[in-house]
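Produce the complete structure using the sequences and hints provided.
Taken in order, these protein sequences are the chains called A and B.
Note that the first sequence ends on residue 647 in the working numbering; no numbers are left out.
Note that the second sequence ends on residue 735 in the working numbering; no numbers are left out.
Hints may be right or wrong, so weigh each one.
[Claimed, not checked] Distance windows between CB atoms, simulated:
1) A:Ser495 to B:Met614: 44 to 50 Å
2) B:Asn652 to A:Pro168: 31 to 37 Å
3) A:Pro168 to B:Ser722: 33 to 39 Å
4) A:Phe225 to B:Asp638: 36 to 42 Å
5) A:Glu403 to B:Phe617: 27 to 33 Å
[Stated by the list, open to error] Output of the computed footprint for chain B on chain A, the stretches with three or more beta carbons under 8 Å from beta carbons of chain B:
6) 76-83
7) 149-159
8) 221-231
9) 283-295
10) 299-310
Please keep in mind that the hints were generated in silico from the structure rather than gathered at the bench.
Cβ coordinates follow ideal geometry from the N, Cα and C atoms, glycine included.
As a plain string of letters, each chain reads:
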Amino acid sequence: MALNRKIAYIDLTTGEFKTAPIPIEMRELYLGGRGLDMYLLYNHIEPGVDPLGPDNVLTVSAGLLGATLASASTRTHIGAKSPLTGFIGSSNMGGYFAPELRWAGFDHLVIKGKAESPSYLWIHNGEIEIRDASDVWGENVFDTQELIRQELGDPEVKVLCIGIAGENMVRYANVMTGMKDAAGRSGMGAVMGSKNLKAIAVRGTMDLEIRFPEQALEYNQSLIEHISSTKFAKIMQKWGTMFIYGVTNTTGLVRVRNFQLNQQVGGNIECEHIEKYALGTEGCYGCIIHCRHKYQIREGPHAGIYGQGPEYTSQGAFGMEVGCNEFETVLVANHLVNKYGLDTLETGSMIAWAMELYEKGILTDEDTGNLKLEWGNDEVVLEMIKLIAERKGLGDILAEGPLRAAKKIGKDSIKYLIHVKGMSNLHSDERPTPSLALGIATGSRGSDHLRSRPAIDLYHLPQELLRKIYGGPKPYDGPLSSDYTSYEGKPRMVLWQEMMYEAIDSVGVCKFHSIFLSPNLIAFEELSKLIYYNTGLEFTPEEIWDIADRAYTIERLFNIREGLTREHDWLVDRYFDEPTPVGLPIVRNKSIDREKFKQMIDEYYEMHGWDENGVPRPETLEKLGLDAEPSHKL
Amino acid sequence: MEMILVVDHEKCTGCRACEMVCSVKHTGVNNPTRSRINVIKWPMEGFDLPMLCQQCEEAPCIAVCPKDALSQDLVLGRVTLNYDLCIGCKMCVTACPFGGMGIDTVVQRVIKCDLCDGDPTCVRFCDPGALQYVPASTVNLMKKRDAGWKFSELMKKSSLISSNE
Ligand code: SF4
Ligand code: SF4
Ligand code: SF4
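The following block contains the structure:
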């Protein structure tokens, strides 16, 4: 059964491991993937541990619907205490790893301790081995995977690994599989590096039972036909997330030159440029959206580069943020961060911040080693990526992430950081959009557009449609506004998306198939059916919401245990004090109103059943069955 | 009308949905090793190639089968396998040049694509259209159209160049 996959506890210090079944009650409480990982982290990590020390615990998991007939049932979730924020670390990625993990018999890996020397895990059909990785230590992300496949003598092996950034414990190093699939946010690659864990290789040939095969096939086909018929899918199939840039930049909703402008002028980085380089598109396991381009640079100084992507995030990181106007720079930079295993968003943000500091004279040629950190100096941007991954010169400081780097650089460098909880913001400008601002301010893993962003708020959807989506599955009859500049009713949208993303991350299906960038896709109702046909577990849409609520609240408890207070759910001053300078009239001259924002947060806490300090009330914990956590059931 | 299942690897995104549904359809479980179709992937080069039984006219598997368990099904245009006659010697697996004959190690029998008795499940799930089930008589027409389209693009470009000169 899809439900008989095991959990493996692996101690890298002693080399010992044990496996255990996952009881149905735990599925009923947390589903799997991110949800169950959150329970495991809360139960296995001692408060206050050094995120880069042996006591941190790393989880790797497949979702409850991994490799089942559930559209893109592909995501791998990775969790630990974050070395970037000191709060919950959590990130997921597409590709082919999670299905293979399930065929190898496992759903969750709980990895503790630190290996004495570079090692990798080899997991196959219920067996686990810790193997020597000294031959691949120092290799890039792409070569590491191929070399391990060669060593194991099976081209079907799937590998997730870190690059040199993870080895060097860059605090925002990612974990990668394939050419571009990255668990990018919150520094999970640094945690692997700190454990001397270069990679995890899996291969499995074990049956994954589908509870009701005929119905699952039929339902999945109707779902796929529906998804495929949406305008969103058609655009994504052609352009990937790069399509977003055209819309947001024209409006003035992007972050340019750190935070100086909200619209890029003269940027040659629209999605259409990909046509010159594209070789086609790739999909993740079971996915019909196939949002990623395969691209090749055929001429010029970077000729020969083959990569996949780039995403909107890389257009932001290496286009508008750093003032680069050339599409090819985005392609090269995207390739480099993937090769070194760096989070694209954080890397671009750190470089953009350093550029603003250079402009303001806070960083001088002496600090930069004579690198001219000027806006639009494409070659310097590419060089900085390398220096960060190698932790050389200024790169060593930037590798520490926003808050630590600001401390090292001193002066008033901290004033120019664009972050929440020590994690950089996406390259979108949320000053005109209170709902999006609330989402990044409160996200459990730090500033984040994938924790709760109600992106469809940008579409000015009619009231009836908003009501249809946000009015359920738990009843809500408060206000909902079609105006994205309004503060009204937005906490509900943020809360709803939070529950949606927690649920979809726990079943391991890609968010692009859910209500995220399109109002017409999967939500609680569809999840309920998918779970039933594939696993036989019966949950109403309301029950799925409750599970998501439980998992999200345990993330909150984790953060509170690590010292989170209400002050952490807040934006940097520039959001309140500097109005947007450009853009369409609807977004121009906008800043966030402190008082109204405070009220929004109050409202948001109230909806969660948290007190005015953002701490879950005893009755909330009781209602969610969290009053006895940590309960050490797994 | 004889239909054939054709693969256009240029349209394939490597998603392996075809594998998943073939396995579930035939076995009720998702296990790629029990699927009749497999997508061979070169993940670092971005090249994907779905491979399955070619339903050969002069089928090597039929030729080597000592029990006549394999035969031509002219109605569905497939090579069909009769499990009542099959002794599981796996000669067909050795003989097939494409890996079209596989071994299901769970039920211990050889397996091959049966075209889902005329309604190929993999085709239904291949959204990009890399797998198609088309009349055998017009398959070349389809390919001509595809090739012609590419050719016409080139022609347009070249006439653009010459008109610019
Ligand atoms: S939409 Fe993109 S990221 Fe999501 S599963 Fe499909 S290919 Fe992967
Ligand atoms: S379903 Fe189609 S696109 Fe996906 S791997 Fe199979 S042949 Fe390729
Ligand atoms: S036609 Fe049917 S049996 Fe043949 S590969 Fe496709 S799904 Fe499998």
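Which earlier hints turn out false for this structure, listed by number in ascending order? none
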